[in-house]
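Asks: Use these hints to put chains S and V onto chain F, whose structure you have.
Here is how the chains run, residue by residue.
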Amino acid sequence: MTRISVTVDGVLYEEEVEPRLLLVHFLRDRLGKTGTPIGCDTTNCGACTVHLDGRSVKSCSVLAVQADGSQVLTIEGLASNGSLHPMQQAFHEEHALQCGYCTPGMILAAIDLVKDDPDPTDEAIRDGLEGNLCRCTGYCNIVRAVRRGAQEMAVTHD
Amino acid sequence: MIPASFDYIRPVSIDEAAHVLGNAGDEAKVLAGGQSLLPLLRLRLAYPTTLVDVGRLEELRGIRDEGDHLFIGAMTTHDEVMRAGAIREHAPLLALAAATVADPAVRHRGTFGGSLAHGDPAGDLPAVARALDAQFVIRSMEGERSVGAADFFVDYLETALGPGDLLVGVRVPKLGQGWGFHYEKFRRTAQAWAIVAVAAAVRRDNGVIQEARVGLTNMGTTPVRATAVENAVRGAAVDNGGLREAANEADDGTEPPSDLHAKPDYRRHLARVLTFRALTLATPTPPPA
Amino acid sequence: MTEVGTARKRKEDGRLITGRTQWTDNLQLPGMLHVAFLRSPMAHARISRVDVSGALGRPGVIAAFSGQDFAAEQGSLPCAWPVTEDIVIPDHPPMAFEEVRYVGEAVACVIATDRYKAADALEAIEIDYEPLEPVLDMEEALTDASPKVHAAGNKSFTWKFAQGDIDAAFADAPVVIDRTYIQQRLIPTAMEPRAVVAQTDGDMFTLHSATQIPHVLRVMLAVVTGIPEHKLRVIAPDVGGGFGSKLQVTAEEVLALLIARRLGKPVKWTESRSEGNLTVHHGRDQIQHIQLAATQDGVIKGLKVDLLADMGAYLMLVTPGIPLLGAFMYNGIYKMDALDFTCTGVFTTKMPTDAYRGAGRPEATYAIERAMDELAVEIGIDPLEARRRNWIRHEEFPYTTIAGLTYDSGNYEAATDKALALFGYDKLRVEQADRRERNDAVQLGIGISTYTEMCGLAPSRVLGSLRYGAGGWEHAQVRLLPTGKAEVITGTSPHGQGHETAWSQIAADALGVPFEDVTVIHGDTMTAPKGMDTYGSRSLVVGGVAVRKASERLVDKARQLAAHMMECSPDDLDFANGAFTVKGTETAKTIQEVAFAGFASHNLPDGAEYDLDASATIDPENFSYPHGTHLCAVEVDTETGFVKIRSYVAVDDVGHVINPLIVEGQVHGGIAQGIAQALYEEAVYDAEGNLLTTTMADYLLPSAADLPDFVTDRTETPATSNPLGVKGVGEAGTIASTPAVVNAIVDALRPRGVRDVQMPCTPERVWRALQ
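Chains as they are written, first to last, in the working numbering: chain F, 1 to 158; chain S, 1 to 289; chain V, 1 to 771.
This is chain F alone, in the form it adopts within the complex (with noise of 0.2 Å):
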């Protein structure tokens, strides 16, 4: 077991692992934090998608112990103060979702995503969440969710 201290959504956990524990398992297993999925074994899929000190990454491709240090930021941490992050908002407002399943993966990436690029097109849009799959959609009003988040940050951060 290793003794590993992670911040989660804003909250100091400090907890024995096993090496081999994966941080998904760790955030649903250990810490009850459900909000984070898993669609798939081999990175593809994107539905557990987090930031890791900032940056997206797959947290099923992600062993706790190296987390361990960390800030990680969860779908349940993204609302503040009990207002939905403007990602969250336009995902609600374009019917980015059906099933729900592959969402908190997709809005986790697409913030990110926009970090970079402040003002994607939709190309880039579309090429940034190449790794995020869904099944429900076909990405048409996930594309323009991203897009009108986009536009909400930006006013936000102004």
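Hints are computed from structural coordinates only; laboratory data are not their basis.
Quick caveat, the model's predicted, so the values are computed rather than measured.
The C-beta atom is built at its ideal place from N, Cα and C for all residues, glycine as well.
Worth double-checking, as some hints may not be accurate.
These stretches of chain V come out as covered by chain S in the derived footprint (C-beta under 8 Å, 3 or more residues) [unchecked claim]:
1) 110–120
2) 681–695
3) 700–706
4) 758–767
The list that follows gives simulated cross-link-like pairs (lysine to any residue, SDA-like), each with its CA atoms no further than 25 Å apart [stated by the list, open to error]:
5) LYS265(V) <-> LEU56(V)
6) LYS644(V) <-> ARG268(S)
7) LYS9(V) <-> GLY69(F)
8) LYS174(S) <-> MET141(S)
9) LYS9(V) <-> GLN71(F)
10) LYS11(V) <-> HIS92(F)
11) LYS427(V) <-> PRO383(V)
12) LYS263(S) <-> LYS11(V)
13) LYS263(S) <-> ARG244(S)
14) LYS9(V) <-> ARG55(F)
Not close to chain S: a few residues of chain V, all C-beta gaps over 10 Å, as computed [as the list claims (entries may be wrong)]:
15) THR18
16) GLU139
17) ARG389
18) LEU428
19) ASP613
20) GLU639
21) THR640
Replies: Frame of chain F; chains S and V shown alone:
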């Protein structure tokens, strides 16, 4: 799926890492970003007894300009490689290829050295390393040694790295003026592995190709250098059929794999087509007179 | 009366965008144990020895079982659709104990304190197999020389259907199009992998499952496990997509219940994606031989269809019925004199097939829409013109097709005209001609699909006549609470379709209460006890209509009470905007006031009970028939074979629309899945029967980067078969888009001698077609 148990060691220096690896035996694996290794562990296709996590060694991270070459620390992420000013200036082919690796989240975790050390001929960076004649800097308890790209990639998922070896970084020679670059990657979907890809660097002068470097992804058990193309293209005029003729040598001497997505004859064909495209797009356009 | 038709943002979204979800795998119960299954690595073998003892004594291991341990109690997984009298339905043990018949079949299991320990202990189980010959090719499987999947042979059934004089139609027909198409095997790949949690207090059992069919599942599990139906509660919490793959009674659901019963502890099983690719039922997998007879003018006379449908190793819930759902759609939107359909179900040593989005209808639509293009080429006319010459004209509705279905409404001309305008058809044809002229390396192709489908499964009497085991009704209950809020209890079981929103809209209008004042309860056999669940684009057409009818009945009850309150006759009351008004006066009571008066019950009519609940069960008289025209333009790189979709236009007619936002979303997603069949997806088995596409690195799904923006629009020809005028939209996009894409690819390459490319049209296949 769930990895089998292993011990975990996180050394705090290269020296310690070399020491740990030297004493750990055959079944120890270096853990870098984990983007290739973790899926293998989860599918239980690999059973290391010990993971030596070097992902946080700052000594292994970053890009240094060392005069006639760049030194790229093994733990530099793909994301950092594709954005680094020094790489974009002196080895843009690396940035172009790194930008096509997997997807953004994987590029945030996955490392330059980890990807090369994995030795997957379908990976994007090995062919570029071959094309650019990169030198691999390896540490072990015995000391440091340097291996050229031609010797580094030994076989499918097999490199010159033995047990006890740690890839510290890669020296990438700077190419001088007059070079252009292109990485032409052919895949079925955006995040899929390359069926075939071509890394090309071309130096042009007076409407003539003076020199070219061509590396092939996924055309054999290792990344391949298309020397026949390089020889054929030297001296070719840009605007007659010289490039296409040279590109037709692309599959010369290759033994492309057969898998779900392509049979060898199709890969050979693709290598020729993509090499022509890569050469064309890499060839610098002369400044307007 | 303003909710229906409004683009309401979804009620479901709040929890989904904040991570406050209730996926089955989220569930943690005190003392809960984790199940892991060992799965056969052999496609076909006799199990000669299983020794689970090695797993016992491993850390955290509570129990380990082999198939033999369950043999006496596990029963056989059900097939509810014996399509013919002489169909062969083999025993289907949830855990194999004598013979394995596909790679991935469960052969043993471990129950441990956490999922990691359970996975570890699987490796300590020893099994010896005596290999048997795999059976992988349907045509070979039907030969005498083939090894047998089951003792009774490899043929499950042959089902025939004939209308009109097919011999007359083909006799002297100047044009006969004769083609064979392959519907490749697909893996449905809902984003949420399956998960099951079973618990018991010794008497009562509760099963949480990522299922589309909690109600059907409860009945079936009661039959299979012997747990009395009234002692079994099935809950479908948040379910992350289904597309037919969660329309199933699975081995893991049965076994989880048996294990919970044995151990007296709650148990959870969650599949990994690679486990899911092996063992979630697959879709499609048919060989379609289609022959179309026509006049020299391209007027269709008759159609012969001969199908081989791969059942896989066993018949699951509706496996044999899937191709039959297409049987009546091969004629599509076209008139003809005769139809002759034969389907043979074949056993192979592969994962069983079953419903996947569209289920039989995409296959039918693909074949006829591909053949229509071939007909056009054969007689030298534009493919649109070939369709126009044969389709049912709008003034001919209602129209009884050669398959015997009565299409109640439609307007193919209007949808097509709209699509053509949005697409810029003529301009693209000019560009295509130019590229052909220049012999450009990138060729342009235009694909058309004018589809219809049958939705709203289904009239129970029709299902009965097709030997399906259950009916096709749907149930709703509506309750008016004391404070005037409403609860809608529905038998549909949404997993992404937005029923909480759409049913609220329907009920809000009918009851005259605000949209926000309606809550929709679903997916739990205890709280929503009657239902037939969600599949086959049935939920709105059957279940939504039930909500409307129950709401109307509730209003009728409230009217009685309101009349009593206002001392008038019920007939003297108008009901509008949630208020009962005495005709010609200002005297009124809101429905909320009536609700509270009922609750208080101080002044009910003599002999009346407080009763502001109402139920309705709808059994549709007919299917509904959405239709539309999809147009696809592709650019084909003739040097590499790579296909890029340049533009895609879909004009669908799904009748009246409850929520345009949801409809558009369904169309988008459906198109993407249909494109994925055309270009990317295929479950591939090797010569030993191993599945090669066990991960998403091998089974390719399109990402946002691989697809274009879709241009969608609608025409609106109301269904006449239900009071909402709705037709259903869940499968339309998938049914329409696959042939549109492949028609476009073939259109691009036809001058170079290509007349078919097998799906998925990978770059390699396209390139080979050009050689």
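Asks: Any hints from earlier that this structure breaks? Give me their numbers in increasing order, please.
Replies: 7, 8, 9, 12, 14, 20, 21
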